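Visitor: Use the sequences and the hints to build the structure in full.
Chains as they are written, first to last, in the numbering used here: chain A, 1 to 190; chain B, 1 to 190; chain C, 1 to 190; chain D, 1 to 190; chain E, 1 to 190; chain F, 1 to 190.
All the given hints hold, so there is nothing to weed out.
Where chains are identical, the list cannot tell them apart; a pair therefore holds if satisfied intra-copy or between any two copies.
Derived DSS-like pairs: lysine-lysine, alpha-carbon spacing no greater than 27 Å straight-line:
hint, residue 1, residue 2
1, 32, 69
2, 24, 49
3, 49, 69
4, 69, 24
5, 131, 41
6, 49, 131
7, 69, 131
8, 32, 49
9, 24, 41
Just so you know, the hints here were simulated from the structure itself, not pulled from any lab data. Keep in mind that this is a model prediction, so the values were computed, not measured.
6 protein chains.
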Amino acid sequence: MTTKERVTALDLPMVDPLPPATRKYFDLCAEKLGLVPNVLKAYAFDIAKLDSFAAMYNDLMLADSGLSKLEREMIAVVVSSINKCFYCLVAHGAAVRELSGDPRLGDMLVMNYRVANLDLRQRAMLDFAVKLTKSSATIEEADREALRQSGFTDRDIWDIASVAGFYNMTNRVASAVDMRPNEEYHASYR
Amino acid sequence: MTTKERVTALDLPMVDPLPPATRKYFDLCAEKLGLVPNVLKAYAFDIAKLDSFAAMYNDLMLADSGLSKLEREMIAVVVSSINKCFYCLVAHGAAVRELSGDPRLGDMLVMNYRVANLDLRQRAMLDFAVKLTKSSATIEEADREALRQSGFTDRDIWDIASVAGFYNMTNRVASAVDMRPNEEYHASYR
Amino acid sequence: MTTKERVTALDLPMVDPLPPATRKYFDLCAEKLGLVPNVLKAYAFDIAKLDSFAAMYNDLMLADSGLSKLEREMIAVVVSSINKCFYCLVAHGAAVRELSGDPRLGDMLVMNYRVANLDLRQRAMLDFAVKLTKSSATIEEADREALRQSGFTDRDIWDIASVAGFYNMTNRVASAVDMRPNEEYHASYR
Amino acid sequence: MTTKERVTALDLPMVDPLPPATRKYFDLCAEKLGLVPNVLKAYAFDIAKLDSFAAMYNDLMLADSGLSKLEREMIAVVVSSINKCFYCLVAHGAAVRELSGDPRLGDMLVMNYRVANLDLRQRAMLDFAVKLTKSSATIEEADREALRQSGFTDRDIWDIASVAGFYNMTNRVASAVDMRPNEEYHASYR
Amino acid sequence: MTTKERVTALDLPMVDPLPPATRKYFDLCAEKLGLVPNVLKAYAFDIAKLDSFAAMYNDLMLADSGLSKLEREMIAVVVSSINKCFYCLVAHGAAVRELSGDPRLGDMLVMNYRVANLDLRQRAMLDFAVKLTKSSATIEEADREALRQSGFTDRDIWDIASVAGFYNMTNRVASAVDMRPNEEYHASYR
Amino acid sequence: MTTKERVTALDLPMVDPLPPATRKYFDLCAEKLGLVPNVLKAYAFDIAKLDSFAAMYNDLMLADSGLSKLEREMIAVVVSSINKCFYCLVAHGAAVRELSGDPRLGDMLVMNYRVANLDLRQRAMLDFAVKLTKSSATIEEADREALRQSGFTDRDIWDIASVAGFYNMTNRVASAVDMRPNEEYHASYR
Numbered sequence: 001m002t003t004k005e006r007v008t009a010l011d012l013p014m015v016d017p018l019p020p021a022t023r024k025y026f027d028l029c030a031e032k033l034g035l036v037p038n039v040l041k042a043y044a045f046d047i048a049k050l051d052s053f054a055a056m057y058n059d060l061m062l063a064d065s066g067l068s069k070l071e072r073e074m075i076a077v078v079v080s081s082i083n084k085c086f087y088c089l090v091a092h093g094a095a096v097r098e099l100s101g102d103p104r105l106g107d108m109l110v111m112n113y114r115v116a117n118l119d120l121r122q123r124a125m126l127d128f129a130v131k132l133t134k135s136s137a138t139i140e141e142a143d144r145e146a147l148r149q150s151g152f153t154d155r156d157i158w159d160i161a162s163v164a165g166f167y168n169m170t171n172r173v174a175s176a177v178d179m180r181p182n183e184e185y186h187a188s189y190r
Numbered sequence: 001m002t003t004k005e006r007v008t009a010l011d012l013p014m015v016d017p018l019p020p021a022t023r024k025y026f027d028l029c030a031e032k033l034g035l036v037p038n039v040l041k042a043y044a045f046d047i048a049k050l051d052s053f054a055a056m057y058n059d060l061m062l063a064d065s066g067l068s069k070l071e072r073e074m075i076a077v078v079v080s081s082i083n084k085c086f087y088c089l090v091a092h093g094a095a096v097r098e099l100s101g102d103p104r105l106g107d108m109l110v111m112n113y114r115v116a117n118l119d120l121r122q123r124a125m126l127d128f129a130v131k132l133t134k135s136s137a138t139i140e141e142a143d144r145e146a147l148r149q150s151g152f153t154d155r156d157i158w159d160i161a162s163v164a165g166f167y168n169m170t171n172r173v174a175s176a177v178d179m180r181p182n183e184e185y186h187a188s189y190r
Numbered sequence: 001m002t003t004k005e006r007v008t009a010l011d012l013p014m015v016d017p018l019p020p021a022t023r024k025y026f027d028l029c030a031e032k033l034g035l036v037p038n039v040l041k042a043y044a045f046d047i048a049k050l051d052s053f054a055a056m057y058n059d060l061m062l063a064d065s066g067l068s069k070l071e072r073e074m075i076a077v078v079v080s081s082i083n084k085c086f087y088c089l090v091a092h093g094a095a096v097r098e099l100s101g102d103p104r105l106g107d108m109l110v111m112n113y114r115v116a117n118l119d120l121r122q123r124a125m126l127d128f129a130v131k132l133t134k135s136s137a138t139i140e141e142a143d144r145e146a147l148r149q150s151g152f153t154d155r156d157i158w159d160i161a162s163v164a165g166f167y168n169m170t171n172r173v174a175s176a177v178d179m180r181p182n183e184e185y186h187a188s189y190r
Numbered sequence: 001m002t003t004k005e006r007v008t009a010l011d012l013p014m015v016d017p018l019p020p021a022t023r024k025y026f027d028l029c030a031e032k033l034g035l036v037p038n039v040l041k042a043y044a045f046d047i048a049k050l051d052s053f054a055a056m057y058n059d060l061m062l063a064d065s066g067l068s069k070l071e072r073e074m075i076a077v078v079v080s081s082i083n084k085c086f087y088c089l090v091a092h093g094a095a096v097r098e099l100s101g102d103p104r105l106g107d108m109l110v111m112n113y114r115v116a117n118l119d120l121r122q123r124a125m126l127d128f129a130v131k132l133t134k135s136s137a138t139i140e141e142a143d144r145e146a147l148r149q150s151g152f153t154d155r156d157i158w159d160i161a162s163v164a165g166f167y168n169m170t171n172r173v174a175s176a177v178d179m180r181p182n183e184e185y186h187a188s189y190r
Numbered sequence: 001m002t003t004k005e006r007v008t009a010l011d012l013p014m015v016d017p018l019p020p021a022t023r024k025y026f027d028l029c030a031e032k033l034g035l036v037p038n039v040l041k042a043y044a045f046d047i048a049k050l051d052s053f054a055a056m057y058n059d060l061m062l063a064d065s066g067l068s069k070l071e072r073e074m075i076a077v078v079v080s081s082i083n084k085c086f087y088c089l090v091a092h093g094a095a096v097r098e099l100s101g102d103p104r105l106g107d108m109l110v111m112n113y114r115v116a117n118l119d120l121r122q123r124a125m126l127d128f129a130v131k132l133t134k135s136s137a138t139i140e141e142a143d144r145e146a147l148r149q150s151g152f153t154d155r156d157i158w159d160i161a162s163v164a165g166f167y168n169m170t171n172r173v174a175s176a177v178d179m180r181p182n183e184e185y186h187a188s189y190r
Numbered sequence: 001m002t003t004k005e006r007v008t009a010l011d012l013p014m015v016d017p018l019p020p021a022t023r024k025y026f027d028l029c030a031e032k033l034g035l036v037p038n039v040l041k042a043y044a045f046d047i048a049k050l051d052s053f054a055a056m057y058n059d060l061m062l063a064d065s066g067l068s069k070l071e072r073e074m075i076a077v078v079v080s081s082i083n084k085c086f087y088c089l090v091a092h093g094a095a096v097r098e099l100s101g102d103p104r105l106g107d108m109l110v111m112n113y114r115v116a117n118l119d120l121r122q123r124a125m126l127d128f129a130v131k132l133t134k135s136s137a138t139i140e141e142a143d144r145e146a147l148r149q150s151g152f153t154d155r156d157i158w159d160i161a162s163v164a165g166f167y168n169m170t171n172r173v174a175s176a177v178d179m180r181p182n183e184e185y186h187a188s189y190r
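Guide: Structure, rendered in structure tokens:
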């Protein structure tokens, strides 16, 4: 690999050769997304870690939920904005642009979600994710009740918390190892 | 269930009956730990979510690593102390008391890890976890290099980051849903 | 004294021999509490300082007040939790466990008082103590009025402020000199 | 009393008549200072509280110490500047002007002590007081050692900590009850 | 120039000789104010910079506005209090004392504006300036509406924002170069 | 004007007709930039304010300086990133992309400047701008000396401080009035 292709600051090369199932998964990513997300390459030094990460990611971001896929990406970007995670802002900012068809929305969520013209439901969702990110110990029943008043079910509240929690994890892992996003994201869906 | 047994503030009952594999896993917990950790019961409203959580937990906390199991629990407690997560402080404080045989160490990590008489390696590990928790965007190569100077490999750095990241996730999920720890933890290994 | 008995990081030995009145006070502590609190030993390098500290402590924590002794200890623990003072959390956490007969309440106040199931009066009292600890300059008449609405008299408000203020002093003195609590506290009233 | 003479926001009138010893103490203040400090009037609703406060104040600020009286007042002002305590900044700002004969120094310590042209010893003393005020839990042996390197004894370190701690108490009590300084302080020693 | 007359920590002497228009402006200051404000001397190493600074200052602080000159100075002091800017607190604190005829008000705004007995309109104005200074990204329509409810026009809101913004600039320039206020300010209008 | 063209949340229409000199300036912008920056339209309700803003902007960002135009734009973006100013991040992010020819650099400075691969000189410049933005009162001689060691002259230090200060002003004005950037910026120079 050239320097340009460096994925993290750690010397943890991918298992070589990749196991067939992983190879197939990466090929599928390349086919559907046009790239293998660097985060998957970063985890591929240990297939058990890659698999548990991918399983959680797929469940949270792609499985059935009362939150749309766009809404889950919106949470990802807003949490990452607070944590100033370069990897996640680039990758999930692109996802918001793609899923919303609104490049301006992507920029707003990266820069300051308060300027976006959101409906009350989405604003309540993001306010909860922000409070959970900045001061989780101060969340109380009134905060959950505010989500219910905005139309969210208890299952939705679990999903908002889990997605916001997940990016508080990945933001920190990515920053800890200086993970770099695939360059293709920067210009995509502008 | 009685009020006393309430696990979270959300109305998300466990799948009933539990699938055989889950039933078996819970029975194994009860046999080995004397209890089924409430976090598992909380996730058991959706078996896919429970399974991805358990897989990641088991990989991070129990699989082979350059970090001892105690060291991983120490990171769990120190991260949870910053985030003031009641569930995780109670459950993982007990784990530190158990694995170290030193109840005072458990209290120190819950209250202020700086008062603990740690060797330089463990102190560097916890300082990194704290910085990652409080201001992950400011982590730079010098921080990783400090860990290497303290004797950690790049793989160890990944593990420190992953464990610290994981508790930044679970602290937030637990606080978001007001998850309550099993009462048995409070008095155990004192 | 052995290292184990070190009370602070400063080389300030107790007056030797202690004056008779101090000797008697320490003996009384040993008889009633089963130990001489290390904070008293720490101050005993200068009897005038010890006496003024003990006088203020006794007035605030033991004299008549509209606040129960348990409530005053609850303030002590919650203030110390914000300031992460190891000495005070250990010593006053034990006092909350003793006076309340509820070990879980002690852990809750040490970890995150918001999870405790408090009545509105005690919650208002602790919220005021927390605001006073974190941002005293922002206290205004509305904050005092909220206490009055919760049933506190002006004299009670003085006492809440004085107890919260006192632990903001002692937390800092204890942390400044690395004061260590008597080991007996850790396991007591669990 | 007229509104102008209101000392705090609480309805806690002074004991009337004052006990002879208190009367004498107040008369002595009036004679030596030209006024009875409002903080003493505020405490005079309960003579035991007044006495324990005055004893601690006198010991800390007036008794023998390796710190000059001016240095103790400098700590008082710098701590109060962080806590933005109106009462203490006015009263102790005047004391710094009086004891130093340098009105500009008083303003500097009220506004931003870093602009004052202090010798290294006094700067180290104030830096320690600031760290103790803002983040006491992070004080470690290196901080005490820095004071020793600047020429302070262990007894001096105790005194710096105690004075800084004391104003962290009084700042909070004063702000909690909206204590107002005697108007004479504003223009004195300008 | 003697050390006493040092205006900043940078070696940037005034253009010498000053252009006639600048000379005339400085003479006018000396005549009307009794001094040439050091900030003008600091900028006088580059006349274009001095002129653009003076033009903006004069427009914001002296031109017609729905805010009185005193109100604009009040904003200046409160913003500078948050930023702890020695130069601006000294210079504009004096201006508040002069324009209000109330030395105590000057001290209150320097120390903690919340203790000042302001009408609701001025309090709303200062609260907005404080929020804008501390966390401008959180300003939303509700904040502007609160100003309108307090009697401010949209033009007034622009002026409050511009004056508060201006001192957030000058506070930083002054602190960056260690700008020192003219000594005459300290004792003036006491 | 349509809603889409709303520039701020305030009802402050441009002077109509614009004075000839302003008209000419706006036409020049349209010709050279392809648009009239919304910030100029926002100020055009009062020509004196527009002129003083434009004069300062032009002097700081376009006049001769030891800092390149790109470097001044880099400071603008990094300061705006801390203050989360949507207007300035969009407009000056585009400027960084244009002047550097490196869209990735623009994203890095918007998201977290620490991930950019800067030379030591530019890193020192941005670190100073960040410290000045976050905690200007803590800037001391050592900070200026660090800039000198990185090759900056005293005049350069003035310029870094002035540019960083300026965006601390404009960020706040823009956020206070909800200023919206021209839509063309979002996709430009990607």
